[in-house]
Amino acid sequence: MAATTGAQSVFRNKMARYYGYFTIGFIVVATIMLLLEIFAGLPTQFIGWIFMLLTLALYATIGILSRTKAIDEYYVAGRNVPAVFNGMATGADWMSAASFISMAGTLYLIGYDGLAYIMGWTGGYVLLALLFAPYLRKFGQYTIPDFVGARFGGNTARVVAAICAIIVSLTYVTAQVVGVGLIMQRFVGVDYRLGIIIGLSGVLVCSFLGGMKAVTWTQVAQYIILIIAYLIPVTALSMSLTGFPIPQLSYGQALSNITRLEAEQKISVTTESPVVPGKFVTTGYIPPFNEGMSNAPGVTAVRQLNTALGTNFTPPTTQTIPDAKRPELGDWRSTPWNFLALMACLMLGTAGLPHILIRFYTVPSVRESRLSVGWSLFFIFLLYFTAPAYAAFSRWNILQNVVGQEIMALPEWTANWGRQGLIAIRDFSTINGVAVGSEPSWVKNLVTAGSLTITDTNGNGVIDLGPFAKDGDNPATAGEIAGTAVTEASLDGVLQFNEFGSPTGPAIDGDLVVLSTPDIAGLPYTIGALVAAGGLAAALSTADGLLVVIASAIAHDIYFKVVNPKASLNTRMWLGKTMIVVAAAVAALLALPRLALIAQMVAWAFSMATATFFPIVLLGIFWSRANGPGAIAGMIGGLATTIFYMAMNYWNPAFNVLGITHLGSGIFGLPVAIILCIVVSLLTPAPSREIQELVTHLRNPVTDDEVMAKYGSGDSITAH
Amino acid sequence: MSDPKKLPIEERVKLYWKENQRLIIILLAIWFAVSYLPVLIVNQLNNIVIAGFPLGYYMGSQGSLIVFVVLIFYYAFAMNRLDEKYGMSDRDK
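Taken in sequence, the protein lines are chains A and B. For any residue, its number in my numbering is found by taking its place in the first sequence, counting from 1, and adding 4. For any residue, its number in my numbering is found by taking its place in the second sequence, counting from 1, and adding 2.
Hints are all accurate, no fakes.
List time: in silico EDC-like cross-link candidates among lysine to aspartate or glutamate, alpha-carbon distance up to 20 Å:
id, chain 1, residue 1, chain 2, residue 2
1, A, K283, A, D327
2, B, K20, A, E697
3, B, K16, A, E697
4, B, K87, B, D5
5, B, K16, A, E694
6, B, K87, B, E12
Some chain B residues close to chain A (C-beta under 7 Å, calculated; not the full set):
id, residue
7, I26
8, P56
9, D92
In case anyone wonders, no lab produced these hints; they're calculated from the structure. Just so you know, even glycine gets a beta-carbon here, dropped at the ideal spot from N, CA and C.
Please model the complete structure; the sequences and the hints are all you need to start from.
As structure tokens, this is what we get:
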């Protein structure tokens, strides 16, 4: 009816006006803070607190205003979210702490190879638009296990899907909580644990009171904050380096400067592979596929687990490939296979992640759902399109203004970040005259690793560096330090690229690239606080969406659908709210030990979704002959294959096919899932007539919702 | 030319689905061509440099993304037209 469409556009315009005022208000507040900082000397700690509390209070207010007792508002935001706003909400839901903070850092560190993430995390939306979103909206229930359960006729399939959804979402939400704690710690200066508690309470007010409805409208606000916060520093950096304020277009200049400086500083060199004669590998930012394989993350994970749990597992021996001692393992660098496998898993996994899929239940119609995927990708695109510029400008700036400079003449921000223990200037000239025993941690680490010895030969209590000298016993000695770590370049007082690192290793922590850009560009602290607020918005919005998925998987899919189908509406709401709190508490507990393994598990979630949800939902929509036993066999087989390859390669990189690492393991589970689903489906009876009709209805946008309802939960579905 | 809107519903769903599938396959082919193919020939593409951007790098960092956005909006537009053609739009129920 035309009237409905009219009501929808009135609603859309009203929300557009609200969020327009909100955006202006936010910019005004930020500008006032900026002026207060410059002219009134507002203390930085205070600015950090104001930004945190103001944004958290804002999210809580939206949560309270959208509080609800209606079940379809709680699970699917009343199905009246206009396509554009659903796009912004999906954008915030999708872009996590990892996208906001780590993406540009990864590109900064590994160059072209990092682009697998840029393409992978956007290309998946094409699959979502073409293959999933319209049909899931047509199906129109509450959860993804709802779809699996209805389409594959049975509670077994539903429960398997619910458990998969819980595992994937819980690891993901834990990573967000870690991000929240780190941002609060760095920018507000509170303890990591307190940071987690403050941040999580902001999330809880929202999702607890208003479920999906509150989460959606908060995410819209969070999107606006995070995109403003992401764009401002890089625009300023571009302005100061090139005089042109659109970094997305002008970073070609940064790329050519990187290529030139890398050649000058011998960072980009072409060398023959140590194991495959005649094969050449070029290092550097632009040349592709130059990352070797290593099980270093696996070794770290075992050590961290031992510390956290008090266990005594033996870590695997550290290995890297290519390995000059084991030439039979080959050299997979300079081949594209790992890149392609990783990219494919990120794309297919994106299309299979439950917290993204359920967003397309919240739009009013099939028509809007197609458009909404377009808006989602557009809003995500604004950030992903900028990340390569961020990385390139940072790298250019570091190569030009930091590396190759006299240690004494480094920019001021390097000293600040060094004092906070975030970066380390790893040139030995910095420890000349330092008291023995109070060396910086990177020096102590070298001593522990055995590549450096310090002997106070003249007994004056401080380290005295002599000029570089080589003698017969030690490869290199000078003054009072000796060992393999000492080379002529390492104490010349000039910063080399590999001397600009973190306290633990020769490369800086990738997360610092985005966080340090305001300092590098010489911007006031207010902009730094704005970036932190943006990072917080990214982490909280993702956490919100994930908590709703976990709560609905337990309260709706497992309890209501399987355990107690007679549960009253009140019981279900109450249980859903309780589960949100429980899930948040579990995530906070998992986040406390800060295991690196958590970040790894988020990457694995994509591989697992690639081998389970993606093929099953795809076959469910496009092949009406697929049945329950086929789907269950496919999901279990796909998951088992993926986990097997993942674990084997994580532990021992010598176990690999075409040099594909554990991150791309879903590429092996995918065909197994598809073949198993097809073969088992054909060997077992065809699905019932009713289910085959359901598939036909899915493909037809105009079937009445009342007809659809009989295939689903039996709950009445909100009219358009 | 008969009006597809007047065909029986089963017939309409069938034709509609066929056209939809064709569109999906074409768009997926483009999707593959701008994201996976350039990775395979990135070294050759990198020899072409436009405004400082090596083409192979550019396809990975921005070029393919632009095409992704266009593909999705085009699909939404084309499907709206297809909905109208077969009288299947859920806007004016």
